[in-house]
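*Asks:* Here are the chains, one letter per residue:
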Amino acid sequence: MSTTTTTTPTLILPSRAPLLTRTGWGAWLAALIVLCALVPVLNLAVPAGSVFHLSDFAVALVAKIMCYAICALAMDLIWGYTGILSLGHGLFFALGGYAMGMYLMRQIGTDGNYKSNLPDFMVFLDWKELPWHWTLSDSFIATLFLVVAVPGLVAFVFGYFAFRSRIKGVYFSIITQAMTFAAMLLFFRNETGFGGNNGFTDFKRILSIPIATPSMRMTLFVMTSVTLLLFFLLGRWLVNAKFGRVLQAVRDAETRVMFSGYNPIGYKLTIWTISAMMCGVAGALYVPQVGIINPSEMSPANSIEIAIWAAVGGRATLIGPIVGAFIVNGAKSWLTVTYPEFWLYFLGALFIGVTRYLPDGVVGLFKKLKGLKGVAK
Amino acid sequence: MTPELMEQGAKRVEAHAAALAARAGQTESGGRSAGIGRVVKDREVDVTHGRILYLEDVNVSFDGFKAINNLSLDIAPGELRCIIGPNGAGKTTMMDIITGKTRPDSGTVFFGSTIDLLRYSEPQIAQLGIGRKFQKPTVFEQLTVFENLELALHTNKGVKSSMFFRLDSGQGDRLAEVLHTIHLADSVLRQAGNLSHGQKQWLEIGMLLMQEPKLLLLDEPVAGMTDEETERTAELFLTLKGKHSLMVVEHDMGFIRTISDIVTVLCDGSVLAQGSLDQVQSDERVIEVYLGR
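First to last, the protein sequences are chains A and B. Mind the numbering: the first sequence is residues 1 to 377 in the numbering used here, read in order. Mind the numbering: the second sequence is residues 1001 to 1293 in the numbering used here, read in order.
Be aware that one or more of the hints could be misleading.
Capping the alpha-carbon separation at 25 Å, the derived lysine-lysine pairs in PhoX-like fashion look like this [said to hold, decoys possible]:
{"no.": "1", "chain 1": "A", "residue 1": "Lys-128", "chain 2": "A", "residue 2": "Lys-64"}
{"no.": "2", "chain 1": "B", "residue 1": "Lys-1136", "chain 2": "B", "residue 2": "Lys-1066"}
{"no.": "3", "chain 1": "B", "residue 1": "Lys-1136", "chain 2": "A", "residue 2": "Lys-168"}
{"no.": "4", "chain 1": "B", "residue 1": "Lys-1066", "chain 2": "B", "residue 2": "Lys-1041"}
{"no.": "5", "chain 1": "A", "residue 1": "Lys-370", "chain 2": "A", "residue 2": "Lys-64"}
{"no.": "6", "chain 1": "B", "residue 1": "Lys-1136", "chain 2": "B", "residue 2": "Lys-1241"}
{"no.": "7", "chain 1": "A", "residue 1": "Lys-128", "chain 2": "A", "residue 2": "Lys-115"}
{"no.": "8", "chain 1": "B", "residue 1": "Lys-1160", "chain 2": "A", "residue 2": "Lys-168"}
{"no.": "9", "chain 1": "B", "residue 1": "Lys-1101", "chain 2": "A", "residue 2": "Lys-168"}
Cβ pair distances, simulated, as ranges [claimed, not checked]:
{"no.": "10", "chain 1": "B", "residue 1": "Glu-1044", "chain 2": "A", "residue 2": "Ile-352", "range": "34 to 44 Å"}
{"no.": "11", "chain 1": "A", "residue 1": "Trp-28", "chain 2": "B", "residue 2": "His-1251", "range": "39 to 49 Å"}
{"no.": "12", "chain 1": "A", "residue 1": "Ile-167", "chain 2": "B", "residue 2": "Asp-1057", "range": "32 to 42 Å"}
{"no.": "13", "chain 1": "B", "residue 1": "Asp-1057", "chain 2": "A", "residue 2": "Arg-164", "range": "25 to 35 Å"}
{"no.": "14", "chain 1": "A", "residue 1": "Lys-168", "chain 2": "B", "residue 2": "Gly-1224", "range": "38 to 48 Å"}
{"no.": "15", "chain 1": "B", "residue 1": "His-1251", "chain 2": "A", "residue 2": "Gly-353", "range": "39 to 49 Å"}
Calculated directly from the structure, the hints in this document are not laboratory data. Just so it is clear, CB atoms sit at the ideal spot from N, CA and C, and this is done for glycine as well.
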């Protein structure tokens, strides 16, 4: 079928963008080297008195923020690119965390306060055997699977019904928020079998190796770094493909997408599930490093904070949410120590300031300044 | 079944296919003779009866208001049909029904002789070969002109194939051709949001062409265009006529005069008059509707 009979002059069409540019790969490799080689050396090999020594506190803080950065990245894929604001990502984070937590509880073995094979809270509740949903918890392999599968399945089922019913915008956000809240109430109950409001803590080992040793902490740190960097690449790949452009199209004009022959449900469901799985992995990396998981991770405020990180850094850019997670959490850990009473005011001001003056976040501001400089020259 | 019988059958099928290929495009019905024994192929538009779109006794009401009232309308393959009518006549609602956005309360809507459109969803209808342009130009503002057209390209639109999609050279040629047709070849990498209103209208028409639709529904395609752009659009539509069926809703009478064969006047959700533009313009009832009583 042709619409014109005139000969068409050759036209150079843009080819598919590479995964990362040359400088992009350079920066990526530099980050990999710094996080996986430099940080371990500065923390473990350089003596504590030296100026170059990186304290355990700093390492733990960066590790924690990297877990948050993964959540922010996941949030960006669903919110920044697809335009669906989820206020329930804390749930997926917690589900991954709980799956890992169950394994870590089983690893305590008989070293708990009650010297029982069962986790302490079960002995306290006078339970005689493990409930059914703990069946797979003594296998590390199964745990790795559950860390991804449980948040993925919950997201898939929830998303299927929500997207099929064409629930959009603020209604979707409210429902996700309600879902997290409901899950939090459920996990608070002792009968649910997840340790009630105390959750899981007092972990001793992972793969029978003591968890509190410096080398184990560093191993977890390196794994978190590598995961973050790989997820960044995964995000790049998804966004660079036509798939990513369909997501942006869904965000900007969903009806046009439908009348172009795409079924948006499949696209939304795919990215929503991927996003939830990423949060699950972040939670699983977070729990052994922080040493505790309890239902407060599912509190509405936590999920909202994930959205704030993405917004501060810059939506619809992949580096933005990572930067945002570092800025907000860095500021949080500094302010809560120096001016503890001002933190919440600062967070509120930051959110208002960013939405009012920096709709494209810090990365957007940076790009704008760079653009202005280019014009001035 | 014996092998000989199977062989004979295979030969017959081959001969039939060859005969079909030889006749392709010669008749209004796409080279297929009307008759018994034709096999209904899934999602293939059957126009052997000379009609690509049938609407019959369609009714829709919103909260008691009858937006479409016993509407019956049909369109031939390759026809360019203009639809006019006062505001609230049901023109956009009719397009909503054809494209699956609104479900009628009663009535039948067929695409060709075999496809019951009421059984399909919006994306499925788009894939069957019905393209639609909205009243307000709707393009993907954050994407470039190239990316807009690429998204519209007729291809497998599943999630997995989108993840691994690469433009092949044939598709690239097709895209370049459409870019020239819509006069946006110089703006390949421009963001669609930065185009002028008329250019957005053209881009949207280009996106429809990329879908390779058999039927195009165009809701006020020249609204907000300059005179020159309108003229070019008219030219474009006249070249499309014959290869595609077009249904154009417009208020611009000059534009309609340039392109129209048959004009249908809608009023209060049903057909008021139909015929050439001069015929309908001299129709008493039409004058009454337009000028008030």
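*Asks:* I'd like to know which numbered hints this structure contradicts. Please list them from smallest to largest.
*Replies:* Violated hints (numbers, rising): 1, 4, 5, 10, 11, 14; every other hint is consistent with the structure.
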